[in-house]
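Q: Please work from the sequences and hints to get the whole structure.
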Amino acid sequence: MSSLDHGYWKSIAELESDLPSGETEFATSGLAEADDSVDPLNRRNFAKLMGASLALAGVAGAGCKRYEREGIVPLGRRPEDQVPGTNQAYATSFELGGHGQALVVTSFEGRPIKVDGNPEHPFAGGGVVAGTKRHGASTAFAQGSILHLYDPDRSQSVNHSGKGASFSDWKAWLGELRKQANFNRVRVLSEATSSPTVAALRRRLNSEMPGLIWHEWEPISWDNERAGMVQAFGKVVRPLAKLDQAETIVSLDCDFFVDHPASLRYSRDFARSRNPETSTLGRGRMNRLYVVESVYSSAGVLCDHRLPVRSEHVQAVAQQLEHLLVGTPASQAEVVKEAKVARVLEALAREVKANTGRVVFLAGRKQPPAVHALAARLNQTFGGVTVEYREDPNPTRPTHAEAIATLTREIEQQQVETLFILGGNPVYDAPADLDFATKLGTVKNTVHLSEYNNETSARCTWHVPRAHYLESWGDSLTWDGTLTLQQPLIAPMYGGISIIELCAMLLGDETPADQLVARTLAESGAGGSWRQAVHDGFVDKTQLAPQAVQATGGGGGLAAATGGSDVNNGQLEVTFVASSATYDGRFANNAWLQETPDFLTKVVWDNVALISPDTADKLGVRSQDVVRIKLGDRQLDIAALVMPGQARGSIGVVLGGGRTKAGSVGNKQREWVGGGFDAYKLRASAALDIATGATVTKTGGRYKIVTTQDHHDIRHGFSLSDTVGDKEYQKKVPDLVREVDRQDFADASYKAEKQHPWYHDHHHGRGASLYKEHVYEGRKWAMAIDLGNCMGCNACVVACQSENNIPVVGKREVNRNREMSWLRIDRYFKGDLNDPDVVGQPVACQHCENAPCEAVCPVGATLHSSEGLNDMVYNRCVGTRYCLNNCPYRVRRFNFFDYHKEFQDARNNVRKLLFNPDVTVRERGVMEKCTYCVQRIQGAKIKAKNAGERGPLPDGTITTACQAACPTEAIVFGDLSDPESRVSKLHGDRRQYELLGEFNDKPRTRFLARVRNPNPELVSQSQPAHH
Amino acid sequence: MSRFLFPEWTQPLKKYVITPALLIGPVYVVIMAALIKDPQTLRVGYMPEQPVPYSHALHAGEMGLDCRYCHNVVEVSPKAAVPPAATCMNCHQTVHPKSENLLPVRQAFFENEPLRWVRVHDLPDYVYFNHSAHVTRGVGCESCHGRVDRMVRVWQSQSLTMQWCLDCHRNPEPNLREPANVTQMGYKPAPGEGAKVKARLKINPPTDCSTCHR
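One line per chain: the protein sequences are A and B, in this order. Under our numbering, the first residue of the first sequence carries the number 2, and numbering increases by one thereafter. Under our numbering, the first residue of the second sequence carries the number 570, and numbering increases by one thereafter.
Hints may contain errors.
Beyond 10 Å from chain A on every Cβ pair, some chain B residues (computed) [to be verified]:
1. Leu574
2. Pro589
3. Gly633
4. Pro647
5. Lys648
6. Val651
7. Ala655
8. His665
9. Asn699
10. Ser701
11. Arg716
12. Trp724
13. Pro758
14. Glu762
15. Lys765
16. Arg783
Some chain B residues judged to face chain A by a derived CB distance under 7 Å, without partners named [unchecked claim]:
17. Tyr638
18. Val642
19. Val645
20. Ser646
21. Ala650
22. Ala654
23. Pro673
24. Arg675
25. Ala677
26. Asn681
27. Pro683
28. Asp691
29. Tyr695
30. Asp777
31. Ser779
32. His782
FYI, nobody ran anything at the bench for these hints, they're computed from the structure. No residue lacks a Cβ here, since even glycine has one placed at the ideal position from N, Cα and C.
A: Printed below as a string of structure tokens:
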């Protein structure tokens, strides 16, 4: 296809030249929509509207007040440290999949409103560039988790057999339970938790209630790695990679940027050794990342070489690599003989041998234990400082799959009379072959402690509301074992209790939760005061002890995989992928996460099955076809999405959709509202991560998948000539996302700016403008975004939504390009349809000095501040939308409807507590866009001025929400008037360039070109040289 | 080409609609414009009744309490903040402890039944005014709130329109005084005091939109 000549393309539809320009495969033509808009102007509303305007027109002066009567309601007694109108920040933590993430949460007048990472935490704190302060990174899930605190769908009362009951009823029942003589018919099924306090309570339960058995189940688990460590070293240890010391990183189906408990740390470390100017490996050096995976992931985006192979073949590839490195028997699989795989493996083997001591192998959680063992063996030989092993906090725990299977067996054998389910949602996510839902119904007494009255609660005799993590005391361990504390920022809104409190109640212990946590801290011997620990949010020097390991010499254990990439239907593999929106389904009711497009597929509001273009052709499947995937005797009907880069013969099924009792947002609803498909129906205990022998057939049905991949396409914005078509658009992409090979970058004369033909064109001199240009004295706000660091975790997008009260519009409106998030991450593919490279570019308002939007606003609603910000004045905006039309970057968003209207309902009022009070909540009819977090800028300026400080603020005083969330510090914000600020230095960097700078709009956001570091042996001769 | 003639049915339009509109229209517009600028519309003089007949004239005027005794966060917070009932009870546990007028205050303090004051100086929700930025730079309380020490019931004495704010932002000197004296009521700044403060504190009030509109 000739359009590939110029390299970049944004979606498959573009490559299909028979589609008219601008339309995509996801255009709405042909699929019927019900006609029911969010804000109907029906007869009644119309009359109201007319009545109101008539009243206003006629009755001026007769007591017509300007604004509605407001009240001021102060507290009866104000807490000592609370200053009304200002924020306080508290350190706490949050657990995902049983591993802690350290947070600092901002609280306004007693209610938490914004989550950020804890910059001081020893595990992932510390800046990417040596000597700089860290801004506390967080994951998208942490950013979105606060929405659940104020979710009106949250469970607000105890339920007994489906009817409301009171807490005292439940406590009375619990009291009766405790009186019985033995507890060998009592079981606990808990979600995974690393909390030492829960572990201590569990030990007490085991000793005070002998016979009680505690099982732990988590649908997305790293148990394969634990088993692999046992194979390799004879004991359970926890590997901790040091990516900042690694020259070569080999990822075997491991997305360590997002899908790993230590992702914040690995992202930071990767960025540390990546940037050629500041690399921890030495100036001018960069790490090199090889990724072998089936589903396109963030690691695949930032890598230098990617091998798309089926997950079941990763072990064959690994085996072949081991053969090339240490001479163990070669793999017999056909896949290793494929041209690209063989070539890359040979070059990689040479590289690993050359870099011995600074190589690290990472195996992903889906891979079987044998692959983890292999990676561990190779790390022993070729790694050195790059990986260390720590003791596991709970080495005797059975695997999650075993635990729930054991429990199910016990229930079948009627050994269980009382079952406590602490958190989690096993009815929804337990392996399908166990039929846990039915078995649960046979247990006499079941108690589910959960934040929502979900699928599991519906089948339990008792449902007890669980306190949100922001409402409870607790603790957890980050991946390295640092004890991280959790403190409540608000009293339980609905009287919920935490797991710690429930265990204490079960023990008959009246000690309040904070004392239990303090006791654990005291008993840990870590020293330090309780107050200091709660203030910091962690206790330093509590990391898990390093373990010396020795390879037990066991080799093999790898299945004798034979196949190649070409497979027939019936031999397809299915891999289960965690959703970037709902994780394992627990965040289904989180509208922010549901509407944030997955970075690689750009899908919103649904989970899909990912199929590679070749395989889709073979099966005759197109995107949005509903396909039936059959695995053994289980089947699932799910919408398919053709995804470039997906391995051939592999179907990536995203988990976490199709829920029935998630809440009004997350439930699976009709097609135009979304909700996805219940992929857990396919997932059986024998194959929780990789299943083989799948058959895919078309059902003939279609399902609307909404993606944002072609929305706000910059390339459509700037061509004035109608004769320019898609081919011309593709030519522009290398100017938008500039990349350079390290070899070319090493040449000191390289400048990313020069990559644009305009730079060399002497006729278009820079700075020619009809207007007299403003001279900025004083502060100059600016931003720099490093494309080499952005791996698409979406933390910035959700952080922006949280900070700026950005509404959610729903699937139908997203389909009409009306999504509201101010920050979008454009994703461009490059290269072969089945094996492309991907580059991502976060784009928000560029705050152009010569802003095209400011020139065209008829009412002066968008003006430039004296500090370089493009101000948006919501109250002046009349909704012409000319500014959006004129913006070449397409970063403006319009409120087509009143998206906050539903919060006026009494039931939904609680959601209003989450709004950031420093940012206007926009109503229908106004334009909005990124403001460089002007509320944070103003707050910092006023604070400094109050203290009498003038002059530039110290660099790092102000961080925008997106900057603060980014784990790799890809976004840097600061003051250009300070020549020592990081952003000033980055604006003078060789890699910097302006997006669409040829318009002479002088954007204040500059991008840093991405430096790729391909293995010189693997760079193909036919690639055009960059100039 | 033939001459265009208005059809017959437009004749009554001319008589009953267009002419009256053209006569009354401008009058209507002028009246509306005047009424919009009328201080009564702008709520100057707005003096709502409060749940407790708290008299600033008594406390701040006669007894000489400093504004910041109760509105104690004004130098660090965007809001001046009506004080919690606890502040009132500092004195009123012993002074008039059984007064009927003070019953709501005692209820707020002892029973957590909050006092619902009616807001007098109200700006639209899209305006973000920051007290601390003004109070610490020498803008007196009375410059915007008037002689509160003479108000038995608080009423709005200034229009608080954007134009009024801009008038000061563009020319702050007449309204500036030494920051130490911001709470003094009836203060007459010395000649040139405003200019001196402006120069010393390098006061340069911004008129960018984002200063107040976020």
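Q: Does each hint hold? Answer for all of them.
A: Against the structure, the hints:
no.	hint	in the structure
1	Leu574	35 Å, holds
2	Pro589	16 Å, holds
3	Gly633	23 Å, holds
4	Pro647	5 Å, violated
5	Lys648	4 Å, violated
6	Val651	5 Å, violated
7	Ala655	4 Å, violated
8	His665	19 Å, holds
9	Asn699	5 Å, violated
10	Ser701	5 Å, violated
11	Arg716	21 Å, holds
12	Trp724	14 Å, holds
13	Pro758	21 Å, holds
14	Glu762	19 Å, holds
15	Lys765	16 Å, holds
16	Arg783	5 Å, violated
17	Tyr638	14 Å, violated
18	Val642	5 Å, holds
19	Val645	6 Å, holds
20	Ser646	4 Å, holds
21	Ala650	4 Å, holds
22	Ala654	5 Å, holds
23	Pro673	11 Å, violated
24	Arg675	10 Å, violated
25	Ala677	4 Å, holds
26	Asn681	5 Å, holds
27	Pro683	5 Å, holds
28	Asp691	5 Å, holds
29	Tyr695	5 Å, holds
30	Asp777	4 Å, holds
31	Ser779	4 Å, holds
32	His782	5 Å, holds
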